[in-house]
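J.: Sequence:
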Amino acid sequence: MKFFQKLAYAGGFLSLMMAATPDDELQKNQFAVATQVNCGGRTWTHDELLGNVGERPVYTIIHQNRIYIRWDGNPDQSRKSQAFDNTAILLHMDNNKFPNNTEGNRIVNSCVNSIDPSTMGNNYLGTQQGNMIPCNNKPITDGLMLGTFRGGDGVRT
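In full-length UniProt numbering, the protein residues as written are 1 to 157.
Everything labelled a hint here was simulated from the structure, so no lab data went into it. In this text, all values refer to a predicted model and were calculated from it rather than measured experimentally. Note that beta-carbon positions come from the ideal geometry of N, C-alpha and C, so glycine has one too. Hints are supplied without guarantee of correctness; some may be wrong.
Pair ranges (Cβ atoms, derived) [what the hints assert, rightly or not]:
| # | residue 1 | residue 2 | range |
| --- | --- | --- | --- |
| 1 | C135 | H46 | 21 to 27 Å |
| 2 | K138 | N52 | 36 to 42 Å |
| 3 | N101 | H46 | 24 to 30 Å |
| 4 | G73 | G41 | 26 to 32 Å |
| 5 | Q77 | Q36 | 37 to 43 Å |
| 6 | R42 | D94 | 15 to 21 Å |
| 7 | M132 | N109 | 45 to 51 Å |
| 8 | G41 | P134 | 33 to 39 Å |
| 9 | N101 | G143 | 38 to 44 Å |
| 10 | D153 | L49 | 39 to 45 Å |
| 11 | D94 | T141 | 28 to 34 Å |
| 12 | K138 | G73 | 33 to 39 Å |
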């Protein structure tokens with residue numbers, strides 16, 4: 001009887017080991033693209049209609065797990081389908097989803113990103129290629145010295 005118990009235990013253990021996802025599979029899928037991001041106590045969904053500003057709709061863009069907005073009223077009509085740089089328009093939407101007060105400002109400032117090189121239309125920042133990202137056709141690698149930043153206090157870091 002003990003032999004069968006050991007056999008059942010070993011068989012159960014082996015079946016669990018075979019069902020587990022190997023680390024190689026996790027590594028292949030580590031850059032899965034999100035369509036929803038939780039921030040500021042709400043769930044932001046890609047292409048969600050947030051409201052209107054000046055009768056023009058404002059939508060969310062989820063890009064590389066970061067939240068941006070797209071506004072059909074973008075003065076540069078060639079960029080109206082791309083990320084918009086003025087996130088403050090969210091505080092002035094017709095539905096008052098993000099009121100222009102402390103709470104509304106906190107959510108907009110902590111959750112919504114202004115445009116950056118990854119969302120610019122001219123592909124200034126390319127997609128990752130191995131351990132490097134092309135930026136303006138120059139390879140940027142981890143640990144590469146880009147320069148010295150001088151803050152508002154004059155201190156170099």
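J.: None of the hints should be skipped; say for each whether it holds.
T.: Here is what the structure says about each hint:
no. : hint                    : in the structure
1   : C135 - H46: 21 to 27 Å  : 25 Å, holds
2   : K138 - N52: 36 to 42 Å  : 40 Å, holds
3   : N101 - H46: 24 to 30 Å  : 27 Å, holds
4   : G73 - G41: 26 to 32 Å   : 27 Å, holds
5   : Q77 - Q36: 37 to 43 Å   : 29 Å, violated
6   : R42 - D94: 15 to 21 Å   : 18 Å, holds
7   : M132 - N109: 45 to 51 Å : 32 Å, violated
8   : G41 - P134: 33 to 39 Å  : 37 Å, holds
9   : N101 - G143: 38 to 44 Å : 43 Å, holds
10  : D153 - L49: 39 to 45 Å  : 42 Å, holds
11  : D94 - T141: 28 to 34 Å  : 46 Å, violated
12  : K138 - G73: 33 to 39 Å  : 35 Å, holds
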